[in-house]
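Given the structure of chain X, go ahead and fit chain R onto it with the hints provided.
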Amino acid sequence: MRLLKQSTRTQPRVSLILLDWSVRESFHLLHYLSKQDIARDNFEVIILEYYSRVSDAILPFQDQVDTWALLEMPERYYYHKHLMYNAGLVLSKGEVCVVCDSDAMVTPGFIRTIVEAFEHDPNIVLHLDQFRNIRQDFYPFSYPSFEDVLGVGCINNVQGKTKGILDVEDPVHARNYGACMCARREDLIAIGGADEHIDYLGHICGPYDMTFRLVNHGRREVWHESEFMYHTWHPGQAGVDNYLGPHDGRHVSTTAYASFCSGRTLPLLENEAVRRLRTSDARPADVESLLIKPERIQYWERTYVEDPAKRLHLGMENDKPLRYCGHLISRTHDGRFESVLNACSGHTSAVLESTRQSWATLEEAKRSLRSRFPAWLRCCVPLVALYVTAAQVAHYAIIRLCNSLGIARAPRTLGRLS
Amino acid sequence: MRRAPWAGFRSRLLQLKLELAWLSDALQDLTYVLYFLARNPGLSATRDHIYILVDRTWIAAHCRACSAVFGFPSETVIISTRDALEKAVEALTSSGTTLVIVSKILYLKYYSVLQDLRERGTLIVA
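Listed in order, the protein sequences are those of chains X and R.
Under this note's numbering, think of the first position of the first sequence as 1, with each following residue one higher.
Under this note's numbering, think of the first position of the second sequence as 419, with each following residue one higher.
Since the hints were derived computationally from the structure, they do not count as laboratory data.
Where a beta carbon is used, it is the ideal one built from N, C-alpha and C, also for glycine.
Hints should not be assumed to be uniformly reliable.
[To be verified] Residues from chain R shown here face chain X by an in silico Cβ test under 7 Å; the list is partial: (1) L436; (2) Y450; (3) W476; (4) L526.
[What the hints assert, rightly or not] Below, a list of computed lysine to any residue pairs in the SDA-like style, where the Cα atoms sit at most 25 Å apart: (5) K163/X / S226/X; (6) K163/X / E504/R; (7) K435/R / I399/X.
Just chain X, same shape as in the assembly:
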């Protein structure tokens, strides 16, 4: 990692972490950050470049940048945003870390709103949703007014609020979890930072991985109802032609879902630098050199990602919990295997914690779990699952057939999650 510039601000309240992987054409957020109605010492701006590019788009706003770091990852590696989140977390000095789009517009009250929200309740993870305008004449970014962005071409403006904020039926898909996420730095360190698991490589990733685990940690997820970001169209939106890890068909990571539902707070693959911050009294400067570990990133090479045959190796490391007899078996730091019922309850409940057990080998863990359930049950469960899923397919096929014959209506969607 090479630091082109390092923050001299001693006690900022907010650290903004902005990412680039040699793709950003505009960093106009920096322009809007220069117009904030709060003293500049209250926040610092950290820019992280995954590769080695010194972006020309940043140069006009250089005075707004406090820390500018190049991770200098070789070009042969695919981008992993979660590594950049962790680098930002290590380099930040603010009480609150903000991960947000660097090509969005914000109002002068943006930073003040975040500060006030955490003053009001520090036990939150705060999200700001984003208005999106698809007018192509704003590209290259032409500094339209906020009214223009909310006007013709805005796809989610419902009387001054985003459609996502008003959507209570499917918020996970309707809201933009990647637009702006704010959490206390100490909370982010307590949950081990962003998960660097291979499943989050490429486009299927985002700060919601941390949001979900922060909620498991006891923080409350809050969406601001009146402060938003404003995004205008640019080519290559929505990860076109990017590598996609496992997702639910609508670009939300199923690995993040699984961690949320299992009550897990720590990542599947924790960054070593963040782990040191979490488990020792190390200062950020002491752990910077541990941010990128070569043995961790070998599967991020483009050859693995772009070749379907080699891609099969992805996600097959032992760092993902194994589902077995309704339990999750994962490897602990000391090399043992820990099993726990694949369910979660409140973080104060001890009911499920009583199922947590540790084993020397994987075979031992499996044998013990098998012995807890009668053979008839272990045989019946997959059969019933197979029967019900087959019935669901038949049900769906009949509905589709009826629909095409004009006899009945097709279901609104295939599934609740998809």
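Just chain R now, with coordinates in the frame of chain X:
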């Protein structure tokens, strides 16, 4: 321009595959969790007040069958909207229900509604 009949077929197929994988996983996990709870002596005192909230008829039927087979007296309720869940949670809270089991799919959709129950330790996501 007229849309080709096969347009979106791949995407639909992917969604169907994911849907079935979720359904299969949900059924398996729920079965094991219900079996564990039915055999857990620590929960015997609360057995009369257990509700299972799910979002599909298939899963509800499965839960009812499991409850009968495992001797696990519980009531299964199908919830299809946020509004219905809010009402159910309100009713369960005021009636002093001590344990609510909710399917993972329902939890992912409406976890903000269930946050209070979870903080009180009366919710199990299975």
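Supplied contact hint for Y450/R, tested at 7 Å Cβ to chain X: holds, 2 Å
Pair hint K163/X and S226/X, alpha-carbon separation not exceeding 25 Å: Since the Cα atoms of K163/X and S226/X sit roughly 13 Å apart, the hinted pair holds (cutoff 25 Å).
Interface restraint verdict for L526/R against chain X (beta-carbon cut-off 7 Å): holds, 6 Å
Pair hint outcome, K435/R versus I399/X [Cα-Cα no greater than 25 Å]: holds, 17 Å
W476/R as an interface hint toward chain X, with CB separation required under 7 Å: With Cβ-Cβ at 5 Å, under 7 Å, it holds.
Hint consistency between K163/X and E504/R [alpha-carbon to alpha-carbon, up to 25 Å]: Satisfied, since the Cα-Cα distance of roughly 21 Å is no more than 25 Å.
Hint status (Cβ of L436/R to nearest Cβ of chain X, threshold 7 Å): Since the shortest Cβ distance to chain X is 5 Å, the answer is holds.
The earlier numbered hints are all upheld by this structure, with none contradicted.
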